[in-house]
Structure formats: C-alpha cells, structure tokens
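Engineer: Sequence:
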Amino acid sequence: MALQTGMSNLTISDIHSLKKNKALEILAQISRVEKKTFPTNEAFPFGEELWRKKPNTRVLYATRAKGSQSDLIAYAVYVRQKGVALLHKVCVTEANRRQGVGQEVMSYIQQRLRKEGCQYIQLWVDQAREPARALYASGGFEEREVIPDYYAPGRTGIKMILDLGT
1 MALQTGMSNL TISDIHSLKK NKALEILAQI SRVEKKTFPT NEAFPFGEEL WRKKPNTRVL
61 YATRAKGSQS DLIAYAVYVR QKGVALLHKV CVTEANRRQG VGQEVMSYIQ QRLRKEGCQY
121 IQLWVDQARE PARALYASGG FEEREVIPDY YAPGRTGIKM ILDLGT
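Counted the way the numbering used here counts, the sequence shown spans residues 1 to 166.
Be aware that a few hints might be false.
Unchecked claim - Quick list of in silico lysine-lysine cross-link-like pairs, DSSO-like style, CA-CA up to 30 angstroms:
1. LYS20 / LYS89
2. LYS22 / LYS89
3. LYS20 / LYS82
4. LYS115 / LYS19
5. LYS82 / LYS66
6. LYS54 / LYS22
7. LYS115 / LYS36
8. LYS66 / LYS36
9. LYS19 / LYS82
10. LYS36 / LYS89
11. LYS35 / LYS159
12. LYS20 / LYS66
13. LYS20 / LYS54
14. LYS89 / LYS54
15. LYS159 / LYS36
16. LYS20 / LYS35
17. LYS82 / LYS54
18. LYS19 / LYS36
19. LYS89 / LYS66
20. LYS22 / LYS115
Stated by the list, open to error - Pairwise CB distance ranges (calculated):
21. ALA152 / PRO45: 15 to 21 angstroms
22. GLU116 / LYS22: 22 to 28 angstroms
23. VAL84 / PRO153: 27 to 33 angstroms
24. GLU116 / ARG52: 17 to 23 angstroms
Derived by calculation from the structure, the hints in this document are not laboratory data. Just so you know, even glycine gets a beta-carbon here, dropped at the ideal spot from N, CA and C.
I would like the entire structure built from these sequences, with the hints used as guidance.
Structural biologist: What follows is the structure, encoded as structure tokens:
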C-alpha cells in the first residue's frame, strides 16, 4: 500500500507490498543510507530476511518523484507486539532533512498503527541526537526513562512513548 502525502511528490510505501526483486532493490538502497548515517554498531541489517513475511516487522520507505524515477528519501522500521509498536529506526537522507519529511513519515506511522488498533508507540533515542528527539517530541512522544551508557559508555538512551489513544 502506497500513500501520497500532503507533501508534494512524497510517497510512503511498505516493502512487504513489493515483489521480491523490487523489495531487495529498495532494501539495498536503504542499507547504503544506513551505513552512511549510523555508526557500524548501530547500523540495522537491511537484508532479504526483512522482506520475507515477518508478520510483526514493518519496513516503510518514502520516495520523492524526480522526473520518471523516484529517489529514496526516508525509511522506518517498527515491530508490533500486540497493542505496542516498537519503533526501531527512522531515518531521513541527509539532503532531505529539515524539510518536514520526518514529520510526514511519523504521521503516516501513527495513522497506520492507530487504524490497526495499536495503543502505544515506544522508541529509544540517543540523548545527543537533538533533531530526532525534537521530531519525536513534536509528534507527541513523551520522555519516560533515561539510561546512562545505553548505547555505549557516555551515550545516554532516552525511552519515549506516544499514547495513540489520545
């Protein structure tokens, strides 16, 4: 299922709606962005196993039409466990940051999970990642727990939760 958003030329899709070859092509693009954006020990493995029907895991990606082709500009990964979704990753490509793309992706995820009957979205974010924390806070997430050295020595993790029932 693809969704055109209010942002011009932005489409958000789920890799699970794609045929294998197209899904693997998108996952390879995501993997390249992941490796550029995150430290090696935090890079998520975006391989074929994510496309195979893992019923609770969702990989969403956003593209922007550019002439006859579309460029990957963002992606997200979450896992559903009954009424709670654990948001593992949200990433906007560097050239597309601070343009509202992250807000569009987060809004889409919230709407989708609300429709599916999910009650909460939970995530962990590095305290030093101010833009990510600001994005989540602007979407209604609340900081609930702080754990020093969560990611590595000197890197504090913050647990944030969004109540979808409100």
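Engineer: All hints are to be evaluated individually against the structure, with a verdict given for each.
Structural biologist: Verification of the supplied hints:
1. Between LYS20 and LYS89, the direct Cα distance comes to roughly 22 angstroms. Compliance with the 30 angstroms bound is thereby established for this hinted pair.
2. Distance restraint check for LYS22 and LYS89: the Cα-Cα separation of roughly 21 angstroms lies within the 30 angstroms cut-off, and the hinted pair is therefore satisfied.
3. Between the alpha carbons of LYS20 and LYS82 the distance comes to roughly 27 angstroms, so the proposed pair stays at or under 30 angstroms and holds.
4. For a cut-off of 30 angstroms, the pair hint linking LYS115 to LYS19 stands: about 25 angstroms separates their Cα positions.
5. This hinted pair does not check out: LYS82 and LYS66 have alpha carbons roughly 38 angstroms apart, beyond 30 angstroms.
6. A hinted pair counts as satisfied when its Cα atoms are at most 30 angstroms apart, and LYS54 with LYS22 qualifies at roughly 17 angstroms.
7. Taking the CA atoms of LYS115 and LYS36, the gap is near 33 angstroms; set against the 30 angstroms cutoff, the hint is violated.
8. A hinted pair counts as satisfied when its Cα atoms are at most 30 angstroms apart, and LYS66 with LYS36 qualifies at roughly 22 angstroms.
9. At most 30 angstroms may separate the alpha-carbon atoms for a hinted pair to count; LYS19 and LYS82 meet this at roughly 27 angstroms.
10. The suggested pairing of LYS36 with LYS89 holds, with an alpha-carbon distance near 14 angstroms, which does not exceed 30 angstroms.
11. Distance restraint check for LYS35 and LYS159: the Cα-Cα separation of roughly 24 angstroms lies within the 30 angstroms cut-off, and the hinted pair is therefore satisfied.
12. Taken as a hint, the LYS20 and LYS66 pair is honoured in the structure, with Cα atoms around 24 angstroms apart against an allowance of 30 angstroms.
13. For the suggested pair LYS20 and LYS54, the alpha carbons sit about 14 angstroms apart, so the restraint of at most 30 angstroms is met.
14. About 17 angstroms separates the Cα atoms of LYS89 and LYS54, which keeps this hinted pair within 30 angstroms; it holds.
15. About 24 angstroms separates the Cα atoms of LYS159 and LYS36, which keeps this hinted pair within 30 angstroms; it holds.
16. This hinted pair checks out: LYS20 and LYS35 have alpha carbons roughly 22 angstroms apart, not beyond 30 angstroms.
17. Of the pairs offered as hints, the one joining LYS82 and LYS54 holds, with about 14 angstroms between alpha carbons and a cut-off of 30 angstroms not exceeded.
18. Restraint check: the Cα-Cα separation between LYS19 and LYS36 comes to about 26 angstroms, which is no more than 30 angstroms; the hinted pair holds.
19. As the CA atoms of LYS89 and LYS66 are separated by approximately 25 angstroms, the hinted pair is consistent with the 30 angstroms bound.
20. For the hint linking LYS22 to LYS115, the alpha-carbon distance of about 27 angstroms falls within 30 angstroms, and the restraint holds.
21. For ALA152 and PRO45, the hinted distance range of 15 to 21 angstroms is satisfied, since their beta carbons lie about 19 angstroms from each other.
22. About 24 angstroms separates the C-beta atoms of GLU116 and LYS22, a value consistent with the hinted range of 22 to 28 angstroms.
23. In this structure, VAL84 and PRO153 meet the distance hint of 27 to 33 angstroms, their C-beta atoms being roughly 29 angstroms apart.
24. For the hinted restraint 17 to 23 angstroms between GLU116 and ARG52, the CB-CB distance of approximately 20 angstroms keeps it satisfied.
Comparing the model with each earlier hint shows violations of hints 5, 7; every other hint is respected.
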